[in-house]
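So the chains spell out like this:
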Amino acid sequence: MLRAIGFLGFIFLYIPLILLMAYSFNAGDRASLWVGFSTKWYFVLFENKELLKAAGISMRVAFFSATIATFLGVIAAFVLTRNKRFRGKVLIDGMVTSPLVMPEIITGFSMLILFISMQKFIGWPANRGMTTIILAHSTFCMAYVTVIIRSRLVDMDSSLEEAAQDLGAHPIFVFFQVTLPVISPAIVAGWLLAFTLSLDDAVIVQFTSGAGSTTLPAKIYSQVRQGVTPEYNALATLIIVIVGIAIITAMQIMNRTQRMHHV
Amino acid sequence: MNATDLRPWRDPSQKPLLQIKSVTKKFSDFVAVDDVSLDIYAGELFCLLGGSGCGKSTLLRMLAGFEEATEGQILLDGEDLSGVAPHERPTNMMFQSYALFPHMSVLKNVMYGLVHGGMTKAEAETTAMEMLKLVKLEKFIKRKPHQLSGGQRQRVALARALVKKPRLLLLDEPLGALDKKLREETQFELIRIQETLGVTFVVVTHDQEEAMTLASRIGVMNDGYIEQIGEPREIYEFPKSKFVANFIGDVNLFEGEMIVDEPDRAAVLNDSVGEIAITHGVSGTLGQELTIAVRPEKLEISKKKSAKMLNSAKGVVEDIAYLGSQSVYHVRLDSGKLVKAFRANRVREAEDDLTWEDRVVVGWDGSSGVVLSQ
Amino acid sequence: MINRIASFVGVRGVIALPMIWLLVFFLLPFIFVFVLSFSTIRNGMPPYEPVVNFKDSFLQLNIHLSSWERFFENPIYIGTFLSSAKTAFIATFLTLLIGFPMAYVIARAPEARRHLLLMLVILPFWTSFLLRVYAIKTILYNQGPVNQFLMKIGILEVNSPIQFLNTDFAVYLGIVYTYLPFMILPLYANLVKLEESVLEASSDLGAKPFWTFWQVVIPLSYPGIIAGCMLVFIPAVGEFVIPDLLGATDTKMIGKTIYVEYFNNRDYPMASVLSVVVLIVFVAPFLMMRKWQDKLAEVNDA
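Chains A, B and C, in that order, are what the protein sequence lines are.
When the first sequence is numbered by my numbering, its final residue is 263 and no position is left out of the sequence of numbers.
When the second sequence is numbered by my numbering, its final residue is 374 and no position is left out of the sequence of numbers.
When the third sequence is numbered by my numbering, its final residue is 302 and no position is left out of the sequence of numbers.
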């Protein structure tokens, strides 16, 4: 009984995605009424200059956001795990984890208010665009990166760092020669997660993007609201396939290094 | 051969290498190490022995510099170590988990400390190779830690900690992760390496047999205190407290009031044995509560009382455990007290003359008991 | 020595960076939102009266309580909160019903297969949230695959499809579908620690499988159930995309209302009031509970 429900659950998880992909090969122009097989929507997709441009913006935003978030997240995780107690730790701890449970709509709205106020008081940012999206994405992605790296740091045998120090390495060398290499799989995982989260966000951009800086999810979102064409199924199929392959490869690499590190 | 005593702690003119002076360590309101004073001499293999949570590891971590003492001083060669960061101390540590760097090869692991000590890569490589030869790992230098067996990892950890020739090598349960057979072999290996290099070892262990085998001297710790410091034989034969007597080896304890106190003999009145005679002087006063500790192998057991049994009691054999080299007898004395006696199995084919439910006499002479006042 | 001091200050600066970042881009915005909730709308850009003003070198506070008054007086707002909680609650319960058997199956699978099954759960989670909602939308159309399938097997009469899209059902389905991994992962983490021998002991002592499940498995997985439900409930309460894409136009979800106040009505102060209330009612208790759980864990570890 339990097994049967569990098995159906897996089917439930994949049927909608498979149907979504199947309809990208629909010859008709409705996303849900099957007419016949065709690959024409993929050609239509590649001629849609606006979508390609939005995809380009999204990639750039995701790259910078993930990189900033990872940089900040590594430091935050390190400070939080390797310092026993310091003033303001509770506040920082709270600030680091809160974005995880914050409804995106509120994160987006409060970012908007921040940018409006900043513009009023210090004149920057003059208008909203890629920079403001990156600032907002870096902030909420940083929380996820911090959580991933933090749990790795907690798991990590702290005597590794002590051993390096004991052998005469200055704490800075300890960090770069021992801590960073040991947690590097988690850093890669954190960066990838931040990248996909940024690439996926359709809510926060509603508040932080400006004219000419529409990202791909924002574009998809406004289209999906109206109802959709198989062109978007084709786009979705491409995204799912690319991300799927990337994730499976990344997981395999990580599993291999993980096995090595858990001696 | 000249007749220098190899036991510097017996020579008051010797200066200790490491002096621990009234060191206390508190974690908020928990006292982990309580007013410990200890001298360790160059070339020693000193064991800190105690159960989990007795403070032995904390003491070791203070020597390495990972914890600062709350009170007291730690001097190495007369120099105060307080405030000296771990990476600036002339000590090295072998960790219980080995703490091998998983992303570095065996050779890189061993070279790590040398490079940070200012050696060039080439020098470090030569020195590391020598050390790896000493621990018989020269064939595995390119392997990563996860490609080694437990015993091999242990030797890499030892080589890495030793290669800098530290003034003091700190070893935290160095054999704890090995299985019994390998552990016994490695004990002697460890002693060989220590004697070859002449480095001073401080070993933390919870295993009393390991401490007895390895140590030049043992410090028994309990609840943050050092209960007793001494050579293994001293600790075993002359324990100073009930805790030490109990912790190291088996012991039968007989409590009672002192009724005779003369310069060359004494006696204690015990419920089970009656008057326990002691054939040497005892520091104490008449009427004081004392404990007589008798090791099971010093208890004689037979059907009839022998001449050597100055002190004896009658009882019934309740249980016999045959352990191969010896047998353990549990004897219920007529007073209800249970005592343990060992007998070596010297003759292969001799059937045991004692069996369950036999009435027996257990006894010991006047010098086999240890008088404990605490 | 000077080098040392410089590097020390440098290290300090780098360490402080994430903290400064969070103060500016996370805490400060919420302070602004809180302040803004005491403002009122006006025409212009920005579309609200400033609360703090410098006038003739005096600091002026311009506090309006009108938005807060409207919030408490107009039953629509409180009603939206209640209906959000109800929707999130039902959806969380449904997710648990589907997620628990799945987590159980994974945890009891042979170790080699466990990784594959976990990967199958995590994979859709990594692809794209938006696309998963979109996938649900595609299959629910009146002429979509679900209706066609039901008509084909004769459950529905031809040409009389059920209206799935833009209903509460679609919202529940959307939440269950997109948040399922959040439920499964903590449950799995908990169930995998449950030793086979405990179950064997229970049946050895004569319990039928159902009772073993009810009296042994369920109680032992409470921590996972609580964690999973929290991870689904909290984001579901503030969900905006799912009710917007799958729900009816009059679906009352707080996330959607905030968006409408911001986007359609340009009533920033009202959006602020709603945000503040969401934080106080849903997010703050969750954070406090987590702190409390951490404390408990610390005590248990010691």
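Don't read these hints as lab results, they were simulated from the structure.
Each hint should be verified, as a subset may be incorrect.
Stated by the list, open to error - Using 35 Å as the maximum straight-line C-alpha spacing, the simulated DSBU-like pairs for lysine-lysine come out as follows:
# : chain 1 : residue 1 : chain 2 : residue 2
1 : B       : K142      : B       : K121
2 : B       : K181      : C       : K193
3 : C       : K291      : B       : K26
4 : C       : K55       : C       : K193
5 : C       : K152      : A       : K89
As the structure is a computational prediction, the values presented were derived from the model and not from experiment.
Each hint tested on the structure:
Between K142/B and K121/B the alpha-carbon distance is near 16 Å, which keeps this suggested pair within the 35 Å criterion. At roughly 32 Å between alpha-carbon atoms, K181/B and K193/C fall within 35 Å of each other, so this suggested pair holds. The hinted pair formed by K291/C and K26/B meets the criterion: a straight-line CA distance of about 26 Å does not exceed 35 Å. Distance check on the hinted pair: K55/C and K193/C sit about 64 Å apart at the alpha-carbon level, beyond 35 Å; violated.
For the suggested pair K152/C and K89/A, the alpha carbons sit about 61 Å apart, so the restraint of at most 35 Å is broken.
Consistency with the previously given hints fails for numbers 4, 5, ordered from lowest to highest.
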